[in-house]
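Asker: Listed here are the chains, written in short residue letters.
2 protein chains.
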Amino acid sequence: MTTTITSDRIVTTIAQDQELITLINIFKVEPENQQQLIDLLIDATEEVMCKLPGFISANVHKSLDGTRVTNYAQWRSIDDFRAIFNTPEATAHMPAIGKIAESEPTLYEVSYMKQA
Amino acid sequence: MTTTITSDRIVTTIAQDQELITLINIFKVEPENQQQLIDLLIDATEEVMCKLPGFISANVHKSLDGTRVTNYAQWRSIDDFRAIFNTPEATAHMPAIGKIAESEPTLYEVSYMKQA
Numbered sequence: 001m002t003t004t005i006t007s008d009r010i011v012t013t014i015a016q017d018q019e020l021i022t023l024i025n026i027f028k029v030e031p032e033n034q035q036q037l038i039d040l041l042i043d044a045t046e047e048v049m050c051k052l053p054g055f056i057s058a059n060v061h062k063s064l065d066g067t068r069v070t071n072y073a074q075w076r077s078i079d080d081f082r083a084i085f086n087t088p089e090a091t092a093h094m095p096a097i098g099k100i101a102e103s104e105p106t107l108y109e110v111s112y113m114k115q116a
Numbered sequence: 001m002t003t004t005i006t007s008d009r010i011v012t013t014i015a016q017d018q019e020l021i022t023l024i025n026i027f028k029v030e031p032e033n034q035q036q037l038i039d040l041l042i043d044a045t046e047e048v049m050c051k052l053p054g055f056i057s058a059n060v061h062k063s064l065d066g067t068r069v070t071n072y073a074q075w076r077s078i079d080d081f082r083a084i085f086n087t088p089e090a091t092a093h094m095p096a097i098g099k100i101a102e103s104e105p106t107l108y109e110v111s112y113m114k115q116a
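Residue numbers (UniProt numbering), protein chains in the order written: chain A, 1 to 116; chain B, 1 to 116.
So that you can see chain A by itself, here it is in the shape it has in the complex:
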């Protein structure tokens, strides 16, 4: 049993009993373009992705060494995720991102978890 009361705080939950798929998308980028890439991912998420059916969360991570940006995202289903690529408003954001970063989007399920 879990009860969460949250006010003004965005929290993403990783758990094994959630009905969702996880997209972990690693972007390789030159350090001088890392912040621009983050800004482009924020724009794409705010303007389009978060409004698409099945979107659950996006969690953009900035590597300390400047060479990576990783989006840990959750979607309701594989089909919802795949539909992005047939959504012109979504694909319109991809060329600008592709100009400064190589990405490796991969779909996952949670296999094992351990807490301290």
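Hints were generated in silico from the structure; no laboratory data involved.
Keep in mind that a hint or two might mislead.
Same chains, same names: a pair is fine if it fits in one copy or spans any two.
List of simulated lysine-lysine pairs, DSS-like, C-alpha gap at most 27 Å [claimed, not checked]: (1) Lys99 x Lys114; (2) Lys114 x Lys51; (3) Lys62 x Lys114; (4) Lys99 x Lys51; (5) Lys62 x Lys99; (6) Lys99 x Lys28.
All figures in this text were calculated on a predicted structure; none of them were measured in a lab.
We have chain A already, so just place chain B on it with the hints.
Answerer: What follows is chain B alone, placed relative to chain A:
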């Protein structure tokens, strides 16, 4: 304000106000070795990692295409994470993992989050 009451459920939380660093470690693996790799990561976590100072969580993800295993892990600090490599009990697990997988461990901070 967040209140979480949890019973018998492991949940990892991603948030921007947590004092921790995130390790996202992508392992590339042949699909026939994917489950063996997951088992090795579980052994290393259960036997050593979870007992080290600063360990917060490990979250092992299995790619649907069989070619990746990704550990989304949280540590209290960079120094706690780096100390792994000077801990013989921890490094003892690495050669077996290295035999079947290439890894790319990268440290991150959470930069942006969006919920549906």
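Asker: Each hint needs a verdict: does it hold in this structure or not?
Answerer: Results for each hint:
no., hint, in the structure
1, Lys99 x Lys114, "between (38 Å within a copy, 24 Å between copies)"
2, Lys114 x Lys51, "between (32 Å within a copy, 11 Å between copies)"
3, Lys62 x Lys114, "both (23 Å within a copy, 15 Å between copies)"
4, Lys99 x Lys51, "within (25 Å within a copy, 43 Å between copies)"
5, Lys62 x Lys99, "within (18 Å within a copy, 29 Å between copies)"
6, Lys99 x Lys28, "both (11 Å within a copy, 25 Å between copies)"
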